[in-house]
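Trainee: All chains should be built: construct the whole structure from the sequences, respecting the hints.
Here are the chains, one letter per residue:
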Amino acid sequence: MSDTAVALPRPAGARTLAWLQNYGVYAAIAALIVVNIVITPHFISTENLRTQLVQVAPVVIVSLGMALVIGTEGVDLSVGSVMALATALIPLYLGYGVGAAILVALVGGVAVGLVNGSLVAFVNVQPIVATLCLFVGGRGLALVIAGGRLKDVHDTTLLDLGSSSLVGIPLPVVVAAVLTVLVAGVVRRTTFGRQLVAIGGNRTASVLSGLPVRRVLLLVYVLSGLLAAVAGVLATARLQASDPSSLGLLMELSAITAVVVGGTPLTGGRVRVLGTVAGALLIQLVRATLIKHNLPDSVAQMVQAVIILAAVYAARGGTGR
Amino acid sequence: MTDPVPEQANAGDPPLLEARDIVKRFTGVLALDRVTLSLRPGEVHALVGENGAGKSTLIKVITGVHRPDEGEVRLAGRTAGFADPLDAQRAGVQAVHQEIGLVPDLSVARNLLLGREPRRALGLIDTRRMHQTAARTLESYGVRVDVRLPLRSLGVGAQQMVALARAVSVDARVVIMDEPTSSLEPREVETLFGVIDRLRGQGIAVIYVSHRLDELYRICDGVTVLRDGRVVHQGALADLDRLRLVSLMLGRDVAQVRSEGVTRFSGAHEASGRPVLEASGLTSRHLLDDVSLTIRPREVVGLGGLLGAGRTETAKAIAGVLPLDAGGVTVAGLPVRRGSATAAVRAGIALLPEDRKAEGIVPTLSVRDNIALAALPRLARAGVVSDARIDRIVETFMKRLRIKATGPHQPVAELSGGNQQKVLLARWLATEPKVLLLDEPTRGIDVGAKAEVQALVDELAEAGLAVLLISSDLEELVEGSDRVVVLRGGAVVGELTGDELTEEGVMTTIAAHTRENAG
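Respectively, the protein sequence lines represent chains A and B.
Residues in the first sequence are numbered from 1 upward in steps of one, following this note's numbering.
Residues in the second sequence are numbered from 1 upward in steps of one, following this note's numbering.
It is worth saying that the hints were derived from the structure and are not from the lab.
Be aware that a few hints might be false.
[Stated by the list, open to error] So, partial list: chain B residues that the calculated Cβ filter (under 7 Å) puts toward chain A:
#1 L245
#2 L248
#3 A341
#4 T342
#5 L351
#6 P353
#7 E359
#8 G360
#9 L365
#10 L373
#11 A382
#12 G383
#13 V385
#14 A388
[Said to hold, decoys possible] Using C-beta positions, here's what the derived DEER-type ranges look like:
#15 E459/B <-> L253/A: 30 to 40 Å
#16 A177/A <-> V103/B: 40 to 50 Å
#17 D171/B <-> A31/A: 49 to 59 Å
#18 L182/A <-> G123/B: 32 to 42 Å
Where is the CB? At the ideal position from N, CA and C, for every residue including glycine.
Mentor: Next comes the structure, spelled out in structure tokens:
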């Protein structure tokens with residue numbers, strides 16, 4: 001009888017690589033924190049930690065949606081534009097109350113997601129092309145809605161969203177944490193989550209297995225749009241202004257970076273939610289470290305590139321047999 | 001074709017290709033243990049063994065995909081440490097793989113001449129000349145197609161011929177064929193053997209990997225039997241009788257093999273009751289023409305016919321993944337919504353696809369998640385899956401189908417072909433289907449697993465399932481089916497039951513209608 005599948009201890013090299021793939025991001029974060037504690041004055045202060053976490057919260061939220069999309073072997077380039085759209089919509093509807101304004105902003109994100117998802121799922125447009133349309137068009141629309149102007153936001157309830165805390169933790173961070181848990185639960189525990197991953201792993205097989213492939217794809221893009229809109233709302237609250245021309249610029253790249261560094265392969269079929277959060281944190285931490293030591297942002301970008309390469313290399317190593 | 005001096009195989013010739021004491025380990029697992037293989041010019045050498053015996057690894061070592069940990073590969077008396085497959089190809093070692101390594105979206109001609117396209121001035125591809133050359137080359141392989149079409153528009157068999165033609169036309173000295181006939185029709189197999197004879201005459205050495213004994217005995221001179229990474233037999237094939245060969249491959253007692261026969265079908269089950277599946281007037285332009293068939297519970301209906309006859313298309317139409325122009329399917333009397341795989345699955349139709357890798361397994365997922373995939377909705381409440389229920393069902397089927405894995409969480413991609421096939425079967429059985437459509441269920445899996453899958457098919461039919469069996473292995477088709485419906489050109493041309501149901505019967509039905517239509 002053929003016995004190709006027998007558990008055998010792996011040698012040290014392969015084990016190290018597997019470990020790096022699974023925990024490399026976390027190890028890197030831990031190492032960076034230790035280094036900072038030693039070399040960066042005032043790093044461990046509450047104030048600094050709060051600032052870092054508040055800054056990274058929108059990236060985390062957008063990255064969660066991006067991780068789902070990438071899990072289906074897709075990509076969503078429109079997330080930055082969705083943030084712009086959300087921020088453009090808010091001042092228009094603040095007159096009806098904060099709740100209404102936020103709701104409209106979120107509906108805007110869902111609408112963009114519906115268009116993206118429909119193009120991908122029903123018209124079979126490649127994700128990169130479909131979402132590129134809204135990457136361009138979405139921000140254009142946002143600027144039209146806002147009349148191309150930056151508007152200050154004065155509504156105190158909304159501003160509280162960006163600045164108040166829950167048991168000492170800034171609200172945006174709480175929102176990001178709750179969403180992380182929710183998305184992780186969706187991926188792990190729901191039919192939708194399992195189907196999403198399978199579709200990314202082998203779409204033909206998923207169709208043949210009777211999975212509602214189109215519905216799942218549509219929903220994935222809707223979720224990505226929704227999450228990007230949430231990030232847009234939080235960013236607006238924190239910046240105390242609606243600036244659709246600059247909010248969320250390059251956000252799609254930050255999100256993709258976080259997802260990839262977190263160990264989710266661009267080829268789909270796997271989603272690592274916690275890894276994605278860690279990926280976003282790592283990038284933030286690197287940037288903060290370099291800036292605190294008076295190195296320009298451009299250096300941070302180059303370091304970011306190295307981290308992406310390292311992540312992709314580690315991911316490849318495991319499948320290179 | 002330009003080739004080195006023609007020589008006939010002859011024991012006195014120095015070996016053309018030699019693998020000496022090859023040892024290869026994968027992360028600690030010994031895949032090849034001092035394997036030695038030597039080929040003379042013009043020799044066709046059978047390389048056999050079950051999946052996991054080390055055939056693929058040995059081929060990969062010879063073609064430069066893997067570096068051996070010990071030992072060496074020698075070509076024409078010189079050490080040949082191929083750095084990569086390209087290096088091996090340049091030296092004249094060409095492999096035609098089981099999973100065809102071509103570019104499906106490029107034209108047939110481009111695929112055939114990839115990297116060697118005829119050029120015009122400025123380095124532009126001379127399309128006209130390329131098409132002519134390609135058409136001429138393929139014609140000599142018995143493939144007549146429009147070479148401008150994308151490769152994927154061809155059937156699997158024709159694609160494989162293109163792969164072979166490509167390999168051979170690149171000044172090959174050693175050609176390695178891995179399961180070359182697994183998707184070929186008898187007629188195409190003849191063409192292939194003609195090509196192999198030609199290679200032999202040109203002094204090219206061929207390593208021939210196959211699970212089909214008939215073919216081995218017809219075409220091969222020498223044989224190497226591998227088991228668990230070791231050579232268990234080496235010599236002339238003529239000196240080895242079939243039963244002995246099978247027992248060497250399986251590592252089992254000759255008497256045991258004899259008592260089990262060649263296939264594992266009992267053919268004992270008896271169909272009963274009203275048809276559970278009724279397909280009527282399935283029509284899809286260019287593919288299917290008014291195909292109707294019914295299957296009763298406990299019945300195995302075979303689909304016979306040549307490649308492109310519409311067998312796979314019929315199965316896909318029933319499963320709701322082939323767009324239909326007309327016709328419909330009912331399961332247990334209830335109509336199934338047309339063109340919806342989801343509706344078909346819900347109605348109890350399960351399709352085990354022909355191309356396991358591309359259409360079946362989800363390589364990034366574990367054995368467990370692959371098994372649970374189709375049954376997820378029924379294993380969940382309000383969209384939230386129950387791990388306990390999944391674990392239970394996965395355990396049940398892993399045990400029942402004897403799936404060999406380190407555990408439910410092993411990545412499915414690490415399993416052998418036979419075990420992957422069982423995982424797919426388990427995926428479907430978990431949905432408690434009424435109709436099982438099996439498209440080449442034993443293709444490319446080793447002898448032992450093949451027998452197990454065949455026995456399973458039997459068992460499932462006996463348990464009350466309606467089974468549609470598609471197999472290019474005529475023996476399997478005839479022994480496994482209670483009834484065979486023969487297709488040609490997308491239409492039903494005959495049906496064989498009882499005493500008529502023999503291999504000759506099926507071939508006669510196909511042949512008779514071929515002649516009728518041609519004349």
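Trainee: Report the numbers of all earlier hints that the structure fails to satisfy, in ascending order.
Mentor: 1, 2, 11, 14, 15 and 18
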